[in-house]
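These protein sequence lines are chains A and Z, in that order.
If you read the first sequence in the numbering used here, its first letter stands for residue 5, the second for the next number, and so on.
If you read the second sequence in the numbering used here, its first letter stands for residue 36, the second for the next number, and so on.
Derived by calculation from the structure, the hints in this document are not laboratory data.
Be a bit skeptical, because a hint or two may be false.
To be verified - Here are the simulated lysine-lysine pairs, BS3-like style, with alpha carbons at most 25 angstroms apart:
| id | chain 1 | residue 1 | chain 2 | residue 2 |
| --- | --- | --- | --- | --- |
| 1 | A | Lys141 | Z | Lys269 |
| 2 | A | Lys140 | Z | Lys269 |
| 3 | A | Lys151 | Z | Lys215 |
| 4 | Z | Lys295 | Z | Lys326 |
| 5 | A | Lys272 | Z | Lys295 |
| 6 | Z | Lys326 | A | Lys141 |
| 7 | Z | Lys295 | A | Lys140 |
| 8 | A | Lys141 | Z | Lys344 |
| 9 | A | Lys142 | Z | Lys100 |
| 10 | Z | Lys345 | A | Lys140 |
| 11 | Z | Lys326 | Z | Lys100 |
| 12 | A | Lys36 | A | Lys141 |
| 13 | A | Lys461 | A | Lys394 |
| 14 | A | Lys151 | A | Lys124 |
| 15 | Z | Lys100 | A | Lys141 |
| 16 | Z | Lys215 | A | Lys124 |
What the hints assert, rightly or not - For the chain A half of the interface with chain Z, some residues (derived, Cβ under 10 angstroms), not all of them:
| id | residue |
| --- | --- |
| 17 | Val75 |
| 18 | Ser79 |
| 19 | Gly87 |
| 20 | Leu97 |
| 21 | Asn106 |
| 22 | Leu109 |
| 23 | Met111 |
| 24 | Cys130 |
| 25 | Asp131 |
| 26 | Tyr133 |
| 27 | Lys142 |
| 28 | Tyr144 |
| 29 | Thr147 |
| 30 | Gln150 |
As the list claims (entries may be wrong) - Which chain A residues stay away from chain Z? Per the calculated CB distances, all over 10 angstroms, these:
| id | residue |
| --- | --- |
| 31 | Gly72 |
| 32 | Val98 |
| 33 | Asp99 |
| 34 | Val100 |
| 35 | Leu101 |
| 36 | Thr233 |
| 37 | Thr339 |
| 38 | Gln407 |
Yeah, the Cβ is synthetic: ideal placement off N, Cα and C, and Gly gets one too.
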Amino acid sequence: MDNNIAVSMKHITKAFGTKVVANKDVSMDIRKGEILALLGENGSGKTTLMNMLSGIYHQDSGQIFVEGQEVHITSPKDAYELGIGMIHQHFKLVDVLTATENVALGMDKKKAKNNRVIAKAIEEICDKYGFDVDPKKKVYNMTVSQKQTLEIVKTLYRGANILILDEPTAVLTPQETDKLFAVLRNMKADGKSIIIITHKLHEVLAISDRVSILRKGEYIGTVKTSEATVQSLTEMMVGQKVELDIERPEVENKELRLQIEHLTCLDKYGVTALDDVSLDAFSGEILGIAGISGSGQKQLLESIAGLQEAQPGSSIVYINPETGAKEQIIGKDVTQIKKMGVALSFVPEDRLGMGLVGTMGMTDNMMLRSYKKGHSIFADRKAPHDLAVKVKEELEVVTPGLQTPVRRLSGGNVQKVLVGREIAAQPTVLMAAYAVRGLDINTSYTIYRLLNEEKKKGTAVIYVGEDLDVLLALCDRIAVLCDGKLNGVVDARTATKEEVGELMTHLKEEGVSADDGNDK
Amino acid sequence: MVGFVSLFQQAVVFGTIIMFGAVGEIITEKSGNLNLGVPGIMYLGGISSLIGVFFYENSTDNPNKFVCVLIALLCAFLASAFGGLIFSFLTITLRANQNVTGLTLTIFGSGVANFFGGSLNQLSGGVGQLRVPVTSDAFRIQIPGLSSMNNIIGELFFRYGWLVYVAIVVAILAQVFLSKSRAGLNLRAVGENPATADAAGINVTLYKYLATCIGAGISGLGGLYYVMDFTQGKWANDGTLEGLGWLAVALVIFTTWRPKNAIWGSYLFGLLYWVYMYIVGISRASQELFKMLPYVVTIIVLIIISLRKKRENQPPEALGLSYFREDR
Numbered sequence: 005m006d007n008n009i010a011v012s013m014k015h016i017t018k019a020f021g022t023k024v025v026a027n028k029d030v031s032m033d034i035r036k037g038e039i040l041a042l043l044g045e046n047g048s049g050k051t052t053l054m055n056m057l058s059g060i061y062h063q064d065s066g067q068i069f070v071e072g073q074e075v076h077i078t079s080p081k082d083a084y085e086l087g088i089g090m091i092h093q094h095f096k097l098v099d100v101l102t103a104t105e106n107v108a109l110g111m112d113k114k115k116a117k118n119n120r121v122i123a124k125a126i127e128e129i130c131d132k133y134g135f136d137v138d139p140k141k142k143v144y145n146m147t148v149s150q151k152q153t154l155e156i157v158k159t160l161y162r163g164a165n166i167l168i169l170d171e172p173t174a175v176l177t178p179q180e181t182d183k184l185f186a187v188l189r190n191m192k193a194d195g196k197s198i199i200i201i202t203h204k205l206h207e208v209l210a211i212s213d214r215v216s217i218l219r220k221g222e223y224i225g226t227v228k229t230s231e232a233t234v235q236s237l238t239e240m241m242v243g244q245k246v247e248l249d250i251e252r253p254e255v256e257n258k259e260l261r262l263q264i265e266h267l268t269c270l271d272k273y274g275v276t277a278l279d280d281v282s283l284d285a286f287s288g289e290i291l292g293i294a295g296i297s298g299s300g301q302k303q304l305l306e307s308i309a310g311l312q313e314a315q316p317g318s319s320i321v322y323i324n325p326e327t328g329a330k331e332q333i334i335g336k337d338v339t340q341i342k343k344m345g346v347a348l349s350f351v352p353e354d355r356l357g358m359g360l361v362g363t364m365g366m367t368d369n370m371m372l373r374s375y376k377k378g379h380s381i382f383a384d385r386k387a388p389h390d391l392a393v394k395v396k397e398e399l400e401v402v403t404p405g406l407q408t409p410v411r412r413l414s415g416g417n418v419q420k421v422l423v424g425r426e427i428a429a430q431p432t433v434l435m436a437a438y439a440v441r442g443l444d445i446n447t448s449y450t451i452y453r454l455l456n457e458e459k460k461k462g463t464a465v466i467y468v469g470e471d472l473d474v475l476l477a478l479c480d481r482i483a484v485l486c487d488g489k490l491n492g493v494v495d496a497r498t499a500t501k502e503e504v505g506e507l508m509t510h511l512k513e514e515g516v517s518a519d520d521g522n523d524k
Numbered sequence: 036m037v038g039f040v041s042l043f044q045q046a047v048v049f050g051t052i053i054m055f056g057a058v059g060e061i062i063t064e065k066s067g068n069l070n071l072g073v074p075g076i077m078y079l080g081g082i083s084s085l086i087g088v089f090f091y092e093n094s095t096d097n098p099n100k101f102v103c104v105l106i107a108l109l110c111a112f113l114a115s116a117f118g119g120l121i122f123s124f125l126t127i128t129l130r131a132n133q134n135v136t137g138l139t140l141t142i143f144g145s146g147v148a149n150f151f152g153g154s155l156n157q158l159s160g161g162v163g164q165l166r167v168p169v170t171s172d173a174f175r176i177q178i179p180g181l182s183s184m185n186n187i188i189g190e191l192f193f194r195y196g197w198l199v200y201v202a203i204v205v206a207i208l209a210q211v212f213l214s215k216s217r218a219g220l221n222l223r224a225v226g227e228n229p230a231t232a233d234a235a236g237i238n239v240t241l242y243k244y245l246a247t248c249i250g251a252g253i254s255g256l257g258g259l260y261y262v263m264d265f266t267q268g269k270w271a272n273d274g275t276l277e278g279l280g281w282l283a284v285a286l287v288i289f290t291t292w293r294p295k296n297a298i299w300g301s302y303l304f305g306l307l308y309w310v311y312m313y314i315v316g317i318s319r320a321s322q323e324l325f326k327m328l329p330y331v332v333t334i335i336v337l338i339i340i341s342l343r344k345k346r347e348n349q350p351p352e353a354l355g356l357s358y359f360r361e362d363r
């Protein structure tokens, strides 16, 4: 076996349940002293694959070799002992403890040293690779970038030679990203192997030596970064266009329904999540929103629904279909938006988190939308019950009974309940995010059919999706978000998959700067 | 002055009971387990020690003081730790709701204790006849030398049974354990963020079990002290101990989860609770108002904490939540 190979994965397959295959027969190598980028769309199985290296999941079949020896990694501890450390997107740090204490956590008795020794070791690691960590600082006082640095230092302190970083730049500013990349290059020079999971092409080109590409859980190939281009990588990432048999009815007399101008929002960390987005939505149209997850889709939908605070200068104007009156949505809360007569139905990404109450049955969940109706002090249970019956029959919801907690239904049925309820409210604007996530083909088509029916009724449908084939087949127009910016709006009838893929991963203005960072 | 000295003495005795309860509960809560069964656990500790020494004293003509103390301590600690074990099994292994389980444990503990307390009373010939004189005396031995000081210092600080000082030592040890030791650090991590602790290779389940059982054992010593020193070996089904248990839970919040604060905090609670005795011309109804003071102070502390927003003063982040590795 090649001495230069640090980790070798052979024929790895991992499935969740019976339907979802996250990784299918993936084989790849990681060499010593290289930075390997693992590239793929959302849901292509990048993180799952790496979680098997770091001991969070175990493969169903296939083998992993470290330094030529076959290994069985069953826990994060095993991975640490093999010198594999992973920096997750959600940092594994205890907020009220100091940097040193976090590093010391869970150390074996044999290796346990007092905090002063550990603090010194932290400083040594920092000096060696150019990190900047204050050992006495509490984690809750740290910025996201400092927390990430601490995670890397922690991993290095535990003797990791193979570092896996799961979308490390998602939470960083461009300056912080540059700093991180400089550190990664230092570590590479020291002989460490680094795997960076990402879907940002310019970063792949800037930092990596080789790129391995996954698509829908399958290994597509590995190329040398120096021989790759944005176009060639996009092609490998999105693959050939798949023809889907989704209906796309034509609707006459489209009217402007929503007018978004200069919408800027911050996420919960105070980082700009949506940057100066201007976009129109028309009735009788399905507007697709494409983008890597976390590009601002959530903020966009929530701003329209009145759940997200917008920065000054933002404007969302709703045009009333009956009177033609223009009404500003920003600054109003959810109930006010409702009272204005604006019927915005929102199918949130997290079905059980925001849309439905898991422990309540279908009828009660229907009532969540209608409890304010009527003048009696008693809630009207009749109408929600009828609606629940109607949704159950029309959408073929499989449930033991209307009172069965929706938590116990399968994902597809939960989704049907939610969509059915939203559509029953006869919205003028219907927003659906990842409406078919985790659903089988038949249920997905039912959802597409429902959305198309809404479109024909003159509803402005905004559909956030992750499958480009579906977006291209279902939508009329596709707005592509990249890093919180609107990177382009394309006509879904004529656009190619590559075109959309490139818009998703590659900000137009940054086309030049990305190549600057590439030192080869 | 005389009034203050006796108020202070009452406050210390009263405070010691809840100090044990609170220190034990702090250790439990630091593991992320909110055990609202403290009153029940204190009942278990009290009645078990009483049962143990009652049979020992009645079985021998010449009970040994040292053996009496040993039996009482062991019975109290083990029975309370068993209460903690029930709670641990239900909430950690079976992932039952912690609030409900804790409240149930309180009802269970007081029921068991009052049932056997009544039986003991009957065995000894009626309410008020129950006596365990040797043990009770043994627990009320004061520090030799220091207790005979006939000045204000002696009266204020050295007129108590030795468990009062044990409580302070336990609180200090708990503080050192939590803030200085490696196991204490790991325990805090478990209570703050069990997923992180798990990823760092800490056995979350083991830590939770041990902290909850040992914490309950310490809480139970409060019940022991109540029975042996405060009521001098008698048993009355009057529910006083339950009230004290809830005060201990309030004290945990008051201390912002720091055992060292429980030392003065418990005495302060005692002062506030008994101060009505020393206010002239107060009606019975107003007395009850005064007894509310410890709770009022706790609420004020809560408000101040939440206004200051200092992260160190917040409860452990995962308090009250059960941990399951696959819930990622």
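Status of the hints after comparison with the structure:
Annotation: proposed proximity of A/Lys141 to Z/Lys269 is violated, straight-line Cα distance about 53 angstroms (limit 25 angstroms). The suggested pairing of A/Lys140 with Z/Lys269 is violated, with an alpha-carbon distance near 52 angstroms, which exceeds 25 angstroms. Our distance criterion of 25 angstroms between C-alpha atoms is met by A/Lys151 and Z/Lys215, whose separation comes to about 23 angstroms. Between Z/Lys295 and Z/Lys326 the alpha-carbon distance is near 24 angstroms, which keeps this suggested pair within the 25 angstroms criterion.
Of the pairs offered as hints, the one joining A/Lys272 and Z/Lys295 is violated, with about 36 angstroms between alpha carbons and a cut-off of 25 angstroms exceeded. Simply put, Z/Lys326 and A/Lys141 have alpha-carbon atoms about 42 angstroms apart, too far for the 25 angstroms limit, and the pair is violated. Our distance criterion of 25 angstroms between C-alpha atoms is met by Z/Lys295 and A/Lys140, whose separation comes to about 23 angstroms. Distance hint between A/Lys141 and Z/Lys344 is fulfilled; the C-alpha atoms sit about 17 angstroms from each other, no more than 25 angstroms.
Between A/Lys142 and Z/Lys100 the alpha-carbon distance is near 50 angstroms, which puts this suggested pair outside the 25 angstroms criterion. Taken as a hint, the Z/Lys345 and A/Lys140 pair is honoured in the structure, with Cα atoms around 17 angstroms apart against an allowance of 25 angstroms. Of the pairs offered as hints, the one joining Z/Lys326 and Z/Lys100 is violated, with about 36 angstroms between alpha carbons and a cut-off of 25 angstroms exceeded. Taking the CA atoms of A/Lys36 and A/Lys141, the gap is near 33 angstroms; set against the 25 angstroms cutoff, the hint is violated.
For a cut-off of 25 angstroms, the pair hint linking A/Lys461 to A/Lys394 stands: about 19 angstroms separates their Cα positions. For a cut-off of 25 angstroms, the pair hint linking A/Lys151 to A/Lys124 stands: about 18 angstroms separates their Cα positions. This hinted pair does not check out: Z/Lys100 and A/Lys141 have alpha carbons roughly 52 angstroms apart, beyond 25 angstroms. Restraint check for Z/Lys215 and A/Lys124: the C-alpha separation of about 18 angstroms stays at or below 25 angstroms, so the hint holds.
Below 10 angstroms, beta-carbon pairs count as interface contacts, and A/Val75 has none with chain Z, the closest being about 17 angstroms; its hint is therefore violated. For A/Ser79, the shortest C-beta to C-beta distance to chain Z is roughly 8 angstroms, which falls under 10 angstroms, so the interface hint holds. At a threshold of 10 angstroms, the smallest CB-CB gap from A/Gly87 to chain Z is about 15 angstroms, leaving the interface hint violated. Residue-level restraint check for A/Leu97 holds (minimum Cβ-Cβ distance to chain Z is 6 angstroms; threshold 10 angstroms).
Below 10 angstroms, beta-carbon pairs count as interface contacts, and A/Asn106 has one with chain Z at about 8 angstroms; its hint therefore holds. Taking 10 angstroms as the C-beta contact cut-off toward chain Z, the hint placing A/Leu109 at the interface holds, the least distance being around 4 angstroms. The interface hint given for A/Met111 is met, as the beta carbon of that residue sits about 8 angstroms from the closest beta carbon of chain Z, less than 10 angstroms. The interface hint given for A/Cys130 is broken, as the beta carbon of that residue sits about 20 angstroms from the closest beta carbon of chain Z, more than 10 angstroms.
A least Cβ separation of about 24 angstroms between A/Asp131 and chain Z goes past the 10 angstroms threshold, and the interface hint is therefore violated. Because the closest C-beta pair between A/Tyr133 and chain Z is about 22 angstroms apart, greater than 10 angstroms, the hint is violated. Taking 10 angstroms as the C-beta cut-off, the interface hint given for A/Lys142 holds, the closest approach to chain Z being about 7 angstroms. Restraint check, A/Tyr144 versus chain Z: the minimum CB separation of about 5 angstroms is within 10 angstroms; hint holds.
Violation of the interface hint for A/Thr147 is found here, the shortest Cβ-Cβ separation to chain Z being roughly 15 angstroms, above the 10 angstroms cut-off. Interface restraint check for A/Gln150: the shortest CB-CB distance to chain Z comes to about 16 angstroms, outside 10 angstroms, so the restraint is violated. No beta-carbon of chain Z is positioned within 10 angstroms of the beta-carbon of A/Gly72; the least distance is around 26 angstroms. For A/Val98, the shortest C-beta to C-beta distance to chain Z comes to about 5 angstroms, within the 10 angstroms cut-off, and the non-interface label is violated.
Under the 10 angstroms C-beta cut-off, the non-interface status given to A/Asp99 relative to chain Z is violated; the minimum distance is some 7 angstroms. Residue placement check: A/Val100 does not keep its beta carbon more than 10 angstroms from all beta carbons of chain Z (closest about 5 angstroms). With a minimum CB-CB distance of about 7 angstroms to chain Z, A/Leu101 fails to clear the 10 angstroms threshold, and the non-interface call is violated. A cut-off of 10 angstroms between C-beta atoms confirms that A/Thr233 is not in contact with chain Z; the least separation is 36 angstroms.
A cut-off of 10 angstroms between C-beta atoms confirms that A/Thr339 is not in contact with chain Z; the least separation is 27 angstroms. Listed as a non-interface residue, A/Gln407 keeps its Cβ farther than 10 angstroms from every Cβ of chain Z; the least gap is roughly 22 angstroms.
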